[in-house]
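Peer 1: Protein chains in written order, with the working numbering: chain A, 20 to 175; chain B, 20 to 175; chain C, 20 to 175; chain D, 20 to 175.
Treat the hints with care, as some may be off.
Where chains are identical, the list cannot tell them apart; a pair therefore holds if satisfied intra-copy or between any two copies.
[Unchecked claim] The list that follows gives simulated cross-link-like pairs (lysine-lysine, DSS-like), each with its CA atoms no further than 27 Å apart:
#1 K96 - K48
#2 K48 - K144
#3 K156 - K90
#4 K96 - K156
The hints are simulated quantities; they were obtained by calculation from the structure and are not laboratory data.
4 protein chains.
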Amino acid sequence: MADAFTWPVRVYYEDTDTGGIVFYANYLKFFERARTEWLRSGGIDQSVLAATEGIMFVVMRTAVDYHVPAKLDNELKLSVTVEKRGRASVEFLQEAWRIDSTPGTDDDAQRMPPSHTLIATGRIKVACVDQRTLRPKALPEQVRQFIEGGAAFTAV
Amino acid sequence: MADAFTWPVRVYYEDTDTGGIVFYANYLKFFERARTEWLRSGGIDQSVLAATEGIMFVVMRTAVDYHVPAKLDNELKLSVTVEKRGRASVEFLQEAWRIDSTPGTDDDAQRMPPSHTLIATGRIKVACVDQRTLRPKALPEQVRQFIEGGAAFTAV
Amino acid sequence: MADAFTWPVRVYYEDTDTGGIVFYANYLKFFERARTEWLRSGGIDQSVLAATEGIMFVVMRTAVDYHVPAKLDNELKLSVTVEKRGRASVEFLQEAWRIDSTPGTDDDAQRMPPSHTLIATGRIKVACVDQRTLRPKALPEQVRQFIEGGAAFTAV
Amino acid sequence: MADAFTWPVRVYYEDTDTGGIVFYANYLKFFERARTEWLRSGGIDQSVLAATEGIMFVVMRTAVDYHVPAKLDNELKLSVTVEKRGRASVEFLQEAWRIDSTPGTDDDAQRMPPSHTLIATGRIKVACVDQRTLRPKALPEQVRQFIEGGAAFTAV
Numbered sequence: 020m021a022d023a024f025t026w027p028v029r030v031y032y033e034d035t036d037t038g039g040i041v042f043y044a045n046y047l048k049f050f051e052r053a054r055t056e057w058l059r060s061g062g063i064d065q066s067v068l069a070a071t072e073g074i075m076f077v078v079m080r081t082a083v084d085y086h087v088p089a090k091l092d093n094e095l096k097l098s099v100t101v102e103k104r105g106r107a108s109v110e111f112l113q114e115a116w117r118i119d120s121t122p123g124t125d126d127d128a129q130r131m132p133p134s135h136t137l138i139a140t141g142r143i144k145v146a147c148v149d150q151r152t153l154r155p156k157a158l159p160e161q162v163r164q165f166i167e168g169g170a171a172f173t174a175v
Numbered sequence: 020m021a022d023a024f025t026w027p028v029r030v031y032y033e034d035t036d037t038g039g040i041v042f043y044a045n046y047l048k049f050f051e052r053a054r055t056e057w058l059r060s061g062g063i064d065q066s067v068l069a070a071t072e073g074i075m076f077v078v079m080r081t082a083v084d085y086h087v088p089a090k091l092d093n094e095l096k097l098s099v100t101v102e103k104r105g106r107a108s109v110e111f112l113q114e115a116w117r118i119d120s121t122p123g124t125d126d127d128a129q130r131m132p133p134s135h136t137l138i139a140t141g142r143i144k145v146a147c148v149d150q151r152t153l154r155p156k157a158l159p160e161q162v163r164q165f166i167e168g169g170a171a172f173t174a175v
Numbered sequence: 020m021a022d023a024f025t026w027p028v029r030v031y032y033e034d035t036d037t038g039g040i041v042f043y044a045n046y047l048k049f050f051e052r053a054r055t056e057w058l059r060s061g062g063i064d065q066s067v068l069a070a071t072e073g074i075m076f077v078v079m080r081t082a083v084d085y086h087v088p089a090k091l092d093n094e095l096k097l098s099v100t101v102e103k104r105g106r107a108s109v110e111f112l113q114e115a116w117r118i119d120s121t122p123g124t125d126d127d128a129q130r131m132p133p134s135h136t137l138i139a140t141g142r143i144k145v146a147c148v149d150q151r152t153l154r155p156k157a158l159p160e161q162v163r164q165f166i167e168g169g170a171a172f173t174a175v
Numbered sequence: 020m021a022d023a024f025t026w027p028v029r030v031y032y033e034d035t036d037t038g039g040i041v042f043y044a045n046y047l048k049f050f051e052r053a054r055t056e057w058l059r060s061g062g063i064d065q066s067v068l069a070a071t072e073g074i075m076f077v078v079m080r081t082a083v084d085y086h087v088p089a090k091l092d093n094e095l096k097l098s099v100t101v102e103k104r105g106r107a108s109v110e111f112l113q114e115a116w117r118i119d120s121t122p123g124t125d126d127d128a129q130r131m132p133p134s135h136t137l138i139a140t141g142r143i144k145v146a147c148v149d150q151r152t153l154r155p156k157a158l159p160e161q162v163r164q165f166i167e168g169g170a171a172f173t174a175v
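Take these sequences, add in the hints, and give me the full structure.
Peer 2: Printed below as a string of structure tokens:
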């Protein structure tokens, strides 16, 4: 996760299920929030792309391994790394980490960097499509440049 | 609920939260499923209305009282009653009932009607709008007639 | 899908997103509804297993390929096939099919079987765990027998 | 909203529906995130209350008026104001505001405070209950003091 873009997500009641843990489908939402903010960190809003370029992103494949359950009030950190860029698709490696800061820690603890636990690992393939026909369309130049520029590898 | 249209809903993991009960926001989804199926029982599909009339329904007001929590695997019955019809809006009274059938009941029990417990009561106001401008638009004739015909008061 | 257990799911507003299609994370919910009902078809309720055996199922891995987008009002059919059974885990192959019945078809059309379109394919690995410690626990005998009995391969 | 606690919420794909707007039920989630962070601003975590006091909060009543639809990428600000505190319940007034900053504004615009549009108004009644019996239980002293201290009326 070292140099990846990361985005914080807090676990609320809405994210949990009666098993007392985060409902597994919700990690796909967390991963998407992080991808959306990663794009935004490059000045790219999907609603603007839809209005100006007539394109949108659709998810073609998701693969998630769940390592450790997260729970209510947990602080998560979601990473975004581009693994592969095609003409009209992007493949991401994303990780969900739990920030294990002890609540109510004293000053000394504050000086220690919090430890992290890997909660889930996702591989997500996203396609760029025409928003009307839903057919593949080349990534907008702005997105291509953002990825080429290695923005994904710059900590924010 | 006597003569209202009703629709069955089963509680799955996705509907619950870490409190061990159905997450309260999800009753709005259950109520909507019932309204959608009530319309469909009159031959009205919202996706068809969008394509042919250019209209859609948006929710303007919701008010829900939660009486008793529902839990995983509970069988619910959602009712739909029209309380008021305006030119471009409809107000619904909706109830969520839990069907208290004992699992593993024997033949005698089967002959007894299951008892019901009132779980939640909702009042939902829906507006008919132009799907592009989101401005109010008169209810389609087909919907008006369906409501006037008292379809909401016919058990299905 | 020939002999697999299948479960119908209707697409409601709650399932869609602003792209006009079913939000991809929701297929995980649809797949789970089907697995839950598959278990129930064998007389197994997860809430009962929790109360009597102290176990629950947690999802360890999901992999979904999205072939064609589903939309509002679509009727889907979700299949459940057991691919592998371990001591404390089960791996499922699940498919989401769209039922392509023409709305408003006449009598002749009714006699034709509706065609189907494959919407999404999922592979889901589920573990049986102690509901308190979240540690792996052998599948209950009842579940093991249900799977061995080939219930997953019996149409319902 | 002047002096109320507020919490920012961004609209993602997960929050929208095929009507192109935020799915109305999701405002209940946004309101809850704000209440949760309001409590946290007073040093109160619900997961800690559950572990130490054996209590949790359940929602007894929700009433929401939807004024203007929010859309993908909108920035919202959610307010929290305590309207009434009972022995074992709290009633909140909550508002969802859209921050109308023009994307890509120039320097002059940046110096102007962004305008706000009221999106939705909610009234939410929450009860404090024993997490096992789900019966009402007096608010923990810590919560009572936090409310009395007028924390809800302090901007954060």
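Peer 1: Checking against the hints above, which ones are violated?
Peer 2: Checked against the structure, the only hint that fails is number 4, while the rest are satisfied.
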